[in-house]
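Peer 1: Fit chain R to the supplied structure of chain S, relying on the hints for placement.
There are 2 protein chains.
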Amino acid sequence: MVKSFLMLGQSNMAGRGFIHEVPPIYNERIQMLRNGRWQMMTEPINYDRLVSGISLAGSFADEWCCKNQEDTIGLIPCAEGGSSLEEWAVDGALFKHAVNEAKFAMQNSELTGILWHQGESDSTNGNYKVYYKKLLVIIETLRKELDVPNIPLIIGGLGDFLGKVGYGKNCTEYNFINQELQKFAFEQDNCYFVTASGLTSNPDGIHIDAISQRKFGLRYLEAFSNKQHVLKPLINEYELINLNHARTHTKAEKIYIKSLDFALGKISYDEFESQLIQINND
Amino acid sequence: MVKSFLMLGQSNMAGRGFIHEVPPIYNERIQMLRNGRWQMMTEPINYDRLVSGISLAGSFADEWCCKNQEDTIGLIPCAEGGSSLEEWAVDGALFKHAVNEAKFAMQNSELTGILWHQGESDSTNGNYKVYYKKLLVIIETLRKELDVPNIPLIIGGLGDFLGKVGYGKNCTEYNFINQELQKFAFEQDNCYFVTASGLTSNPDGIHIDAISQRKFGLRYLEAFSNKQHVLKPLINEYELINLNHARTHTKAEKIYIKSLDFALGKISYDEFESQLIQINND
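So the protein sequences, as listed, match chains S and R. Using full-length UniProt numbering, the first residue of the first sequence is number 1, and each one after it goes up by one. Using full-length UniProt numbering, the first residue of the second sequence is number 1, and each one after it goes up by one.
Among the clues, some could well be false.
What the hints assert, rightly or not - For lysine to any residue, the following SDA-like pairs were computed, each having C-alpha atoms within a straight-line distance of at most 20 Å: (1) Lys164/R with Tyr269/S; (2) Lys169/R with Glu273/S; (3) Lys164/S with Ser274/R.
Everything labelled a hint here was simulated from the structure, so no lab data went into it.
Just chain S, same shape as in the assembly (with noise of 0.2 Å):
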C-alpha cells in the first residue's frame, strides 16, 4: 500500500525553486496524485503556477525511499501560491479541495504524514496574533475529517532571507510566525518543527531556492521519521543529496526518462527506440 503525504500551505511548499539550478529525481517508487489517480512523481509536483518548480517533497520523498527500501511513497499536492491562513479556514475552497483529494488518495493508500509550510502572506499586520488559534481549528477539522488523529505533520518555519529584499520585504513580522509555528509544534501532539535556518531565496527574496528546497525535505523526513523537532540544520545536507542523486536507475525510470526526450521532441522516434532496446539489453 502506497504511503501517501499531504502537501498543505502556500508558494513555499508548493515549490518555487529553479528547476534547472539542480539535478532532477527520478525514482519510480514516488508517485504523485494528478486527476484522482497516482503517477510517477516529476518535479513541479504542485503546480499551483506557471512558475512552479523545486519543492520541499521531492527530496522528502527521495530520501523516505532510501529508509524505506520496500515501500511506494505518493504525494498529495494542494499547496496554493499566495494563500494567507484565512485562505485555508475550512469553509473555504482550498481546504475543501484538500479533503477531497485525500480522499481520493486514501482510496488506494495509507495516509502517513502532512506537510505544512505557510506563513509568508501572514507575516504582516499583526496577523501572527491569531495564526496558532486558526491554524488549530484547520488542523484538527483536518484530522477529524480525514480520520487521522495521530499521524505525524511537520511544520516548516519561514525563511531568515525574509523582510530584506523584493517580494520578501513586506514580511516584516515573519519572526513573529516562527514563534507561533514553533509553538504549536511544541504544544500540539504529533506535531514536529523543522527549522528553515540557513535556507536561502530566489532573487525575488521570498521563495525558497531549489538547493535550499532539497535541504528542507531532507530536514522535514528527519523530523517524520525520528518524531523529533529539527531545530538546525542536518549536518550532512549536502553528503546526502549527492547520494541520493548518485542512485543508478532503474530500468523502469531510464525508459521513462528517454520517454520523456522523445515527448519533448529532444530525440527522434528513430533515436527513442534504438535507446530503449540499449536499455533492455542493459
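Peer 2: Just chain R now, with coordinates in the frame of chain S:
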C-alpha cells in the same frame, strides 16, 4: 458570473503542443481552475504530465472572449494523458474527480459547455465497436450528476496523421473511432462534432502540434457558438489566430507578464519595479 467549460479526454485535450512554437495567450478574462479556485489562465492549462503544453482550450477561450466582450470564461482541466474510454467509466477515479472539480467550479460559475477529445487509446483491438455505448453512459451520467441536461457537448475528431509513425502507429483503427464520434454527435441532442481534418502532429505522430491546437480550439468555439457541427476547416483560421495575438494587452495583463519574468528570474527586482512604474504611467 464566470461561464465555465469542462475539459475531458486524453492527451490531446490536455494538450501536448510545444509551448515555444506559438505566441502565448494572456487574457485576464480567461480563468482556469486550480485547487478549487479560479486564477488567470496560463498554458499549460491541464498539467497532467511534465510534457503538457498547448491545448485547444487556449484559443477556444481567447476567441470566446472576442465574441463575449463583457464576460469571463473559466476552464476546468480534467483531461488525463493516455486514458482509454474504459478509464473514464463512471465508477472510476477520472470521472469522479472531474465531477468533483466541476462542482468546485460551479460554486461561482455557470457550467456552459463540455469539451471532449478522446479515442487514440481506443483506436485498436476493435474497441470502436463498444465506443458509442460506453460514451453514452458517461455523458448521460455526467449531465445528470452535474444537472446540466442541455449544455453543448463538443466532440473533436482524431487526427489523420494517426496510424503512421511513432506513438501514433498503433492507432490503426482511428477511422472507425472517428465514425463513432461523429455518429454520436449527429444522433445525440446538444452535441456537435468538430473535424480534425488538416491538423498536424508533433514528431511523435500522435500529439496535435501547437499551431494545430490553436486552430482546433477555433473550430470547437465555432461549433459551440453556432450550435452546429464543423465538418471542414474554417477558412480564416490563421487570420483569427493572428488577430487575437495582435490584441493590445490590458494593464493587468502587462503586469502579470512582468511578474512572471521576475518570478522566473529573467529580470531583477529593480528592473521589475521600474517596468511596473512605466506600465502604470502608460
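Peer 1: All hints are to be evaluated individually against the structure, with a verdict given for each.
Peer 2: Against the structure, the hints come out as follows:
1. Lys164/R with Tyr269/S: holds (12 Å)
2. Lys169/R with Glu273/S: The given pair, whose Cα atoms are some 13 Å apart, holds under the 20 Å limit.
3. Lys164/S with Ser274/R: OK: lysine 164/S and serine 274/R at ~19 Å, within 20 Å.
Taken one by one, the earlier hints all hold for this structure without exception.
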